[in-house]
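Please construct the entire structure, taking both the sequences and the accompanying hints into account.
Here's the letter readout for the chains.
Number of protein chains: 4
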Amino acid sequence: MSVLQVAVIGASGYSGEELLRLLTRHPHCNVSIITSRQHAEKPVGEVFPRFADEILCFTAPDIEQIKATCDVVFLALPHGLATEFAIPLLNSGLTVIDISADFRLNSPDKYQIYYNEPHPAPELLEQAVYGLPERYRAKIVESNLIACAGCYPTSIILPTSPLLESGLASPEKIVVSSMSGVSGAGRKVDLPYIFPECNESVRAYAPCGHRHLPEIEQELALAAGIAEVTMNFIPHLVPVNRGINSTIILDALPGATLEKIGDVLNNAYGNEKFVRVLPHGKLPDTKHITLTNVCEIGYTLDSHTGKIILVSCIDNLTKGASGQAVQNMNIRFGFDEATGLC
Amino acid sequence: MSVLQVAVIGASGYSGEELLRLLTRHPHCNVSIITSRQHAEKPVGEVFPRFADEILCFTAPDIEQIKATCDVVFLALPHGLATEFAIPLLNSGLTVIDISADFRLNSPDKYQIYYNEPHPAPELLEQAVYGLPERYRAKIVESNLIACAGCYPTSIILPTSPLLESGLASPEKIVVSSMSGVSGAGRKVDLPYIFPECNESVRAYAPCGHRHLPEIEQELALAAGIAEVTMNFIPHLVPVNRGINSTIILDALPGATLEKIGDVLNNAYGNEKFVRVLPHGKLPDTKHITLTNVCEIGYTLDSHTGKIILVSCIDNLTKGASGQAVQNMNIRFGFDEATGLC
Amino acid sequence: MSVLQVAVIGASGYSGEELLRLLTRHPHCNVSIITSRQHAEKPVGEVFPRFADEILCFTAPDIEQIKATCDVVFLALPHGLATEFAIPLLNSGLTVIDISADFRLNSPDKYQIYYNEPHPAPELLEQAVYGLPERYRAKIVESNLIACAGCYPTSIILPTSPLLESGLASPEKIVVSSMSGVSGAGRKVDLPYIFPECNESVRAYAPCGHRHLPEIEQELALAAGIAEVTMNFIPHLVPVNRGINSTIILDALPGATLEKIGDVLNNAYGNEKFVRVLPHGKLPDTKHITLTNVCEIGYTLDSHTGKIILVSCIDNLTKGASGQAVQNMNIRFGFDEATGLC
Amino acid sequence: MSVLQVAVIGASGYSGEELLRLLTRHPHCNVSIITSRQHAEKPVGEVFPRFADEILCFTAPDIEQIKATCDVVFLALPHGLATEFAIPLLNSGLTVIDISADFRLNSPDKYQIYYNEPHPAPELLEQAVYGLPERYRAKIVESNLIACAGCYPTSIILPTSPLLESGLASPEKIVVSSMSGVSGAGRKVDLPYIFPECNESVRAYAPCGHRHLPEIEQELALAAGIAEVTMNFIPHLVPVNRGINSTIILDALPGATLEKIGDVLNNAYGNEKFVRVLPHGKLPDTKHITLTNVCEIGYTLDSHTGKIILVSCIDNLTKGASGQAVQNMNIRFGFDEATGLC
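Residue numbers (this note's numbering), protein chains in the order written: chain A, 1 to 342; chain B, 1 to 342; chain C, 1 to 342; chain D, 1 to 342.
Please keep in mind that the hints were generated in silico from the structure rather than gathered at the bench.
Careful: at least some of the hints might be erroneous.
[Stated by the list, open to error] A few chain C residues that don't get close to chain D, going by computed Cβ distances all over 12 Å:
id: 1; residue: T24
id: 2; residue: N30
id: 3; residue: P43
id: 4; residue: E46
id: 5; residue: D71
id: 6; residue: N106
id: 7; residue: D109
id: 8; residue: E123
id: 9; residue: N144
id: 10; residue: S166
id: 11; residue: A227
id: 12; residue: P254
[Claimed, not checked] Dumping the calculated DSS-like pairs for lysine-lysine here, alpha-carbon to alpha-carbon at most 25 Å:
id: 13; chain 1: A; residue 1: K139; chain 2: A; residue 2: K110
id: 14; chain 1: C; residue 1: K282; chain 2: D; residue 2: K188
id: 15; chain 1: A; residue 1: K282; chain 2: B; residue 2: K188
id: 16; chain 1: D; residue 1: K282; chain 2: B; residue 2: K42
id: 17; chain 1: D; residue 1: K42; chain 2: B; residue 2: K282
id: 18; chain 1: C; residue 1: K173; chain 2: D; residue 2: K173
id: 19; chain 1: D; residue 1: K42; chain 2: B; residue 2: K273
id: 20; chain 1: B; residue 1: K42; chain 2: A; residue 2: K173
id: 21; chain 1: A; residue 1: K173; chain 2: B; residue 2: K260
id: 22; chain 1: A; residue 1: K188; chain 2: C; residue 2: K282
id: 23; chain 1: C; residue 1: K42; chain 2: A; residue 2: K282
id: 24; chain 1: B; residue 1: K282; chain 2: D; residue 2: K188
id: 25; chain 1: B; residue 1: K282; chain 2: A; residue 2: K188
id: 26; chain 1: D; residue 1: K173; chain 2: B; residue 2: K42
id: 27; chain 1: A; residue 1: K42; chain 2: C; residue 2: K282
id: 28; chain 1: D; residue 1: K42; chain 2: C; residue 2: K260
id: 29; chain 1: C; residue 1: K188; chain 2: A; residue 2: K282
id: 30; chain 1: D; residue 1: K188; chain 2: A; residue 2: K188
id: 31; chain 1: C; residue 1: K188; chain 2: D; residue 2: K282
id: 32; chain 1: C; residue 1: K273; chain 2: A; residue 2: K42
Positions of the beta carbon are idealized from the N, C-alpha and C atoms, including for glycine.
In C-alpha cells:
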C-alpha cells in the first residue's frame, strides 16, 4: 500500500504532540512536514522530549511546499487561523483534517455568536463534514474537509444521539455535567493552570455559553430530527492530565425501559471498534481509556425521577482530538479504521 | 469559661482525625477519651502521626466511664452502631453530636429503604435536630442529639434552600452533579481506593439512590414547603484528597433575575461566618476552602435555558463532617460559633 | 514468520496488565493462556477494563496444558512461587521469562540473606541469564531461563555500568537515591497505598537492605571487575502512577572529564533503541518515558566535589518489568528487538 | 499584651499567602500593610480567595508609611530587592524579618558566586542573624535583621548539625538528595510548572551549584567547627503542592552507634516544639507535617556501608519559609514561640 505524505500544521501543543505520537507509528503515513512558528528550526525532540529519537524538525509553515509534497494536512491551529491554511490547501486538492473549531458548525450565525467574529469562510461550511466517524462515516470517505469533532462534544454526542434517534429520550431539558483533565486547556502558560493552582482543586468554569455548546446542540438536534436543541452543558476542571467524563441527564420518554436503552446503545455501537458500551451496572472510568481512542459508555434509568443517565469517558487528546483525526484519515483513505490506533 | 470534657468515639478514620485536629486546639475543650476498638491502647500518634506530640491514647469504648467523666460525645461510627452508643449517653444527660447518618432522616421508612434495615431507634428521631447550623441554629442550642448534616447534603442544601424558599427556583426536576475527593470514602482499604486506581481517574458512582439522596430531598422539601422533593443526585470520585464540588441545576421560576438570585443568597448568608457567596462571575474552587469550615457558593442564571446554576465547594472532612460537628458544639454550649475553627 | 504461543502466569497485578497490553498487540505472539488463581474463569476485561474488547479469560494454572500448547511462558509471580513453575516448564524445553526475583542473583547465599529463606533451586542459577538486554544480549539469545532485571536495578545498572567499566568512576562509596511511583508496590490493597495516604506525600522507605540492593551490587561489581560492591540505595515513594527516577552519585576517578563521561555513555548506548543519553545540560523526567521501554539518562561532573552525577528515568512497569520481558523475548526468538514496543 | 503593627512586603506569592494565613490569626499581630506592586489596590481576597472575608487590601510599598506605622516588617521579595527595603527600615529601628536570601550568607564572596552579582549591602551581613530558631535562638532575640533560613537548608541543617557537632558523623563527603513540591518554585507562571508538565513527573534539577548550597555548607561547617564543608545537594521536583523530603547520607565516624545517634538527636530536639525526632524504625512523610511548622526527622545507621542516613520532612512554605518567619518574630518579641503556629 502506498504511503501518504503528511503535514502537521501548528504542532506545538498537546494535540500536536498526540498527533505526532500516533502518526509516527502509523504504517501508511510519512510525516514529512511539521510546522510551528514558535519552534521553527528546533528538533521536535527539543519541544517534546518523547520524540528525541525521531529525526524530525519543526519548520515555519510554507503553503507552497506543503502543496507540492503532501497528500493530507492536519491543522492543529487556533480557530480562525485554521481557515487561512485550509483555503489554499483545499484549492490544491489536498485533504484537510482540521482539529480546530472552524468548520464544525453548520451555521455561520452560531459561529459569530460564540466566537465573537464573522466566520472567515462561510462558503466552506457546506463542504465540510463533521468528523465524528461513528456518525458520519459515509460522508467522511468523500470529503476533503473534515472538521474533527471537539472533545466535550464527542463525549456527549456519542452516547446521547442513539437515544434521541430511538425516541426513548427527550431532546428537551438535557443537562450535561462534564469534567476534563488539564491538558484540555492546551499547553497554556497561565496562572490558573500551574500545578499548585490545579492540584487539589476541583472547579466549574464557563457554566453558560461554553464554545462547545452550539456544536453539541447542533448534533443532538440532528439526531433528534428537530430544528433546535437548547440544553445545559457545564464543564469542570479536575486534576488529571488526560480524560473527560461526561454525565448526561435526559428525560425518559414513554416506553423507555432499561432493556430498551441498553439495546439501542448496543445496536448503535456493537460493531464499533472505538465505542464500548458497558453492561448495565458498570460505569466508565477515564483511567480505562486514557491513551486509547475508545469512548466508554455506561447507562442507567432512574425510576425515582424518570431520567435516563448516561456516563461517558474519552481521552480528550485521543478520541477527543488527535486519535479521532487519525481515525478520520483512515476512513478517508480506505485504511482499516483502527490502523495506528491500537 | 469552664472547659468541656469531650469524648470522641470511633476516631480511627479521616473524620476522626479531623475532629482531633480541631478539638485539640479548641480553647474550651479537653479531649479526655478517644476510643477505637481496632487501635485500643495505641497512642494516637501511632495511627495519625500528625498527633505524635500530643499525649493521647486510644481506649476501647467504655460507656460507664464516658458517662462518669464527659459532657459531650462525638460519634464517628458506622451507621447503626452510632445509635447503640447514643441511647445510654442521652439517657445520662450527655450531649451527643453524631457524624453518622443515624439521626438525619425524619422518616424511619426512608431509613429502611436506603439503609436496608429498620431504624434502630425511631423514637429518637423526633428528639434529634439536623445539624446544619445555618439552617437550624435555634434548635441546635436546645438539643442533646445533634445529627450533623452529611458532606454532599451540606454542599447542596446550603446553596439551594434559600432559592427554594424565595420562590425563585422550582423544587421540581432538580439535578445535582457532585465531585468528591477520595477521603470521602473514608480510610477504606479496598482496591478501588488504592492510589493507582484513583490517580488519573475520574468516575461516576451510585448514580441512582445514593444514601445521601433522601437527606437532601428531605431538607429541600422543607425549604420549599412541600411534602416531597424528587431529584437527581450523581456523585463522582476525583483524585484530590479533600473537597466536594456540587453543581446544582434548577428551573428558574417566573420573576427570577440574576440580581434577585444574588440578593436571596446574600441576604441568607451575608452574616454567616462560614458561608461565602461569591460575586456573580466568580465560581468556587475546592482549593479555596480545604481545611476550612467554609462553604463557598457561586451562582448564575442561564438565559439560554432558563436554569439557575449554583456551584458550591466545601471540605468534606471539615464543613462536611468534623468542622460542622464542632460548629454545632459551639452553638449548643454558647461559645462563639467560630471558636477553634479559624 | 511463525507465531509464538504464549502463556502469562500470575497476570493479576500491574506488571501482568502491562504484559498483556504489550503482548496482545505484538505481531508474533498469541497469548493463549493467562492464569490467575484469584480470578480464574473471569474475563480479563473484568479485572482490567482496558481489555474489555479482547476475548481473553483467566484460568487456573495448569502446567500440563501449558507444556502441551505454549512456546514461551512469562512468570509474573511472587518470588519463590516462580521457581515452582519454572522447573517443570524448563524441563519440557519451554522458554521461561521470569519477572520475579528468583533467578536474578548469582549467589544463593545472598538470596537467603535478603529473602529470609534458602533459594528454592540453586542449581538453576547458573543456567539463568540476567535479563538486561543492553548488558547480556548475547547470552539471552541462548538461554531458556531469563531473569528479567528488577525495576530499580535497571534504572541504576544501565547508567552506572559503563562508567565503572571505563574506569572513570569508582565502585566505592556509590550512593543512589531513587523515587518510584506507587504502581511499583504492585496492585497491593494495603493502608499505606490508598490514595489519601500517597497523594500529597513523599517518603523514604527501606533505606537499608532493600531487596533490590544485592542485585544492583552484583551487576555493578561485574561491571567494575571486582568481587564486591558495597553501596547505599535509598528508595522513596512519590505520588505518580508510573515512573522511577534514580539519582546516582559516584566518585570520579583521575582522568574523568565531562567530555569523557559523555563519550563513555554515548559509546555504550549510541546504537541502543531503548537507552537515550541526553546531551549534557538536560536531565531526564519520568514523564518523557512513561509507557515506553526507554531508559533516559542525564549526566554531569560536579567540579565542586569531584562527583559524577547520573540521573536516569524509566517506566517501572515497562522497561522496569514487562517491556523488558518482551524485549528479552524478542532477542531470544530472533525478532527485531523493538517489535511490539514502539 | 500589646499588639505589633506588621507590614508584609511583596505578598503576592505562596510564601506571602502563607504568611498572611499565619499572621491574620496571630493574637499579637495586626497586619496593617500588605504590599504588592503588581496587585496594588486589589483586595487580598481577589488574589488569594481564601482571604475573601478579611478586610485587607494590597498597596504599593511606601517606606515612609511603613516607618511611621509598623513595628515589624516581613520581606517576601526577590533577592536583591529585599536589601533595598531593609536598609531604610533598619535605619528607622524597625525589625526586619527577611524571607529572601539576601542576608543568609556570611560571606559576600559566596553571594557573588551564587547570585552573579556583588552583595548589595555587605556591611549588613554581620548584623544579620541566621533565622533558624533551633540553632540561633539567643541571637534572634537581640537582632533587628533576621534572615530566615531557606527551605531546603532548614530540612538539611536541622537533622545534620547535631551529628556533626557530636563527632558521630563526618563533615566530609556529605550527600543530600531532596524532593520538593511545586509551590517551592513560587507562584511562577512558566511552562515547566503548568499542571500537565508536573503531574506524573519526577525530575532532578540544578544538580550542581543550587543557590541553597552555600547556605547549607556554611551552617554545616559552623556545626562541625571547621572552615569549609564541600558537599553534594541534588534537588528534585515531585508532584505535590507542599512538602520537602531530604535524605542525607553521612559517613559515620568511629564510635557511632545507632543508640548514640538517637541520643544526639533526642538531646538536641527533645524540648523543641517544632522538631519531632521519630523513634528508630519510623521514617518521616511530608503528609505528616504539611501546613505545620514541624520538621520531622528519622535516622538509621547502615551497618552495610557505615553510613548514617537521616531523612527529614518539612512544609516548604511553613517551616521552610513563613512559619519559621513567624517563629522568629515570636522569639524576637518575647511571645511564646508557638503562638499562632499550632
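A quick look at each hint next to the structure:
no.	hint	in the structure
1	T24	24 Å, holds
2	N30	33 Å, holds
3	P43	29 Å, holds
4	E46	26 Å, holds
5	D71	36 Å, holds
6	N106	19 Å, holds
7	D109	15 Å, holds
8	E123	28 Å, holds
9	N144	34 Å, holds
10	S166	20 Å, holds
11	A227	16 Å, holds
12	P254	17 Å, holds
13	K139/A x K110/A	23 Å, holds
14	K282/C x K188/D	21 Å, holds
15	K282/A x K188/B	21 Å, holds
16	K282/D x K42/B	16 Å, holds
17	K42/D x K282/B	16 Å, holds
18	K173/C x K173/D	10 Å, holds
19	K42/D x K273/B	22 Å, holds
20	K42/B x K173/A	55 Å, violated
21	K173/A x K260/B	23 Å, holds
22	K188/A x K282/C	23 Å, holds
23	K42/C x K282/A	16 Å, holds
24	K282/B x K188/D	23 Å, holds
25	K282/B x K188/A	21 Å, holds
26	K173/D x K42/B	40 Å, violated
27	K42/A x K282/C	15 Å, holds
28	K42/D x K260/C	56 Å, violated
29	K188/C x K282/A	23 Å, holds
30	K188/D x K188/A	13 Å, holds
31	K188/C x K282/D	21 Å, holds
32	K273/C x K42/A	22 Å, holds
The structure fails hints 20, 26 and 28 (numbered hints given earlier, in ascending order).
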